[in-house]
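Trainee: In case you want the letters, here they are:
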Amino acid sequence: AQTVTQSQPEMSVQEAETVTLSCTYDTSENNYYLFWYKQPPSRQMILVIRQEAYKQQNATENRFSVNFQKAAKSFSLKISDSQLGDTAMYFCAFMKPWNQGNLIFGKGTKLSVKP
Amino acid sequence: KAGVTQTPRYLIKTRGQQVTLSCSPISGHRSVSWYQQTPGQGLQFLFEYFSETQRNKGNFPGRFSGRQFSNSRSEMNVSTLELGDSALYLCASQPQGLAGYNEQFFGPGTRLTVL
Numbered sequence: 009a010q011t012v013t014q015s016q017p018e019m020s021v022q023e024a025e026t027v028t029l030s031c032t033y034d035t036s037e038n039n040y041y042l043f044w045y046k047q048p049p050s051r052q053m054i055l056v057i058r059q060e061a062y063k064q065q066n067a068t069e070n071r072f073s074v075n076f077q078k079a080a081k082s083f084s085l086k087i088s089d090s091q092l093g094d095t096a097m098y099f100c101a102f103m104k105p106w107n108q109g110n111l112i113f114g115k116g117t118k119l120s121v122k123p
Numbered sequence: 033k034a035g036v037t038q039t040p041r042y043l044i045k046t047r048g049q050q051v052t053l054s055c056s057p058i059s060g061h062r063s064v065s066w067y068q069q070t071p072g073q074g075l076q077f078l079f080e081y082f083s084e085t086q087r088n089k090g091n092f093p094g095r096f097s098g099r100q101f102s103n104s105r106s107e108m109n110v111s112t113l114e115l116g117d118s119a120l121y122l123c124a125s126q127p128q129g130l131a132g133y134n135e136q137f138f139g140p141g142t143r144l145t146v147l
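Residue numbers (our numbering), protein chains in the order written: chain C, 9 to 123; chain X, 33 to 147.
Just so you know, the hints here were simulated from the structure itself, not pulled from any lab data. For every residue, glycine included, the Cβ atom is placed at its ideal position computed from N, Cα and C. Errors might be hidden in some of the hints.
With a straight-line cut-off of 25 Å between C-alpha atoms, the simulated DSS-like cross-links for lysine-lysine are [to be verified]:
| # | chain 1 | residue 1 | chain 2 | residue 2 |
| --- | --- | --- | --- | --- |
| 1 | C | Lys-63 | C | Lys-78 |
| 2 | X | Lys-33 | C | Lys-115 |
| 3 | C | Lys-104 | C | Lys-122 |
| 4 | C | Lys-63 | C | Lys-104 |
| 5 | X | Lys-45 | C | Lys-104 |
| 6 | C | Lys-86 | C | Lys-63 |
Chain X regions said to be covered by chain C (calculated; three or more residues, Cβ under 8 Å) [what the hints assert, rightly or not]:
| # | region |
| --- | --- |
| 7 | 68–78 |
| 8 | 108–115 |
Label pairs and their in silico Cβ distance ranges [unchecked claim]:
| # | chain 1 | residue 1 | chain 2 | residue 2 | range |
| --- | --- | --- | --- | --- | --- |
| 9 | X | Pro-93 | C | Ala-24 | 46 to 52 Å |
| 10 | X | Leu-115 | C | Lys-122 | 34 to 40 Å |
| 11 | X | Pro-127 | C | Gln-10 | 20 to 26 Å |
| 12 | C | Ser-82 | X | Ala-34 | 20 to 26 Å |
| 13 | C | Ser-50 | X | Asn-109 | 24 to 30 Å |
| 14 | C | Gln-10 | X | Thr-70 | 18 to 24 Å |
| 15 | X | Glu-114 | C | Thr-11 | 24 to 30 Å |
| 16 | X | Asn-91 | C | Ser-36 | 14 to 20 Å |
| 17 | X | Ser-83 | C | Asn-39 | 36 to 42 Å |
| 18 | C | Ser-88 | X | Glu-84 | 29 to 35 Å |
| 19 | X | Pro-127 | C | Asn-39 | 19 to 25 Å |
| 20 | X | Asn-91 | C | Ser-88 | 36 to 42 Å |
| 21 | X | Gln-50 | C | Ala-9 | 26 to 32 Å |
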């Protein structure tokens, strides 16, 4: 069975600075997808970024980038130039291909961006 | 396009009762997944429906059930409610393409409180 671990329950960062959220996972699959989701206090879950395991290149979306280390089963999220609107719960998630709709989530990291 | 909608947004029930939650996916999306979110267990996958058929199921007791209608709208039902069923129930919809992955779009959730 797959598991996803986020070892940082809470983190804080000053506005405009950079922060990295950690995620490790365990799987015997060779091909899979990894995601970071953001859940602001309003509760609507939003996809931040995704990574296909078969792609060597780390995914980037504007201020958000990942460091994907397949051998180490590590998938960290870097947020650059943090903004107050980045304050939210961040969830790392795993999904096998074709296993539609079955996301396996970590317990989340509560990120607070301070002015 | 309108996003995923869930009704009701808040619900209070007592132990032993049953409850039905509704989810309307984004227009054109044929797959609907349900997740339970609690502070202790985090986000856990309940089940996923596609074309009125349950394709995937998480590790929940039979008190949790669901269905999907021909218009892709989905309902989940919890019978004989227990205090531990208090949670935020999230619905997510996704298009069903031929790719191994389709992005899931989440609704705002239904907050269920069992007294």
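Trainee: Tell me the hint numbers this structure goes against, listed in increasing order.
Mentor: Failing hints, ascending: 2, 3, 5, 8, 12, 17, 18.
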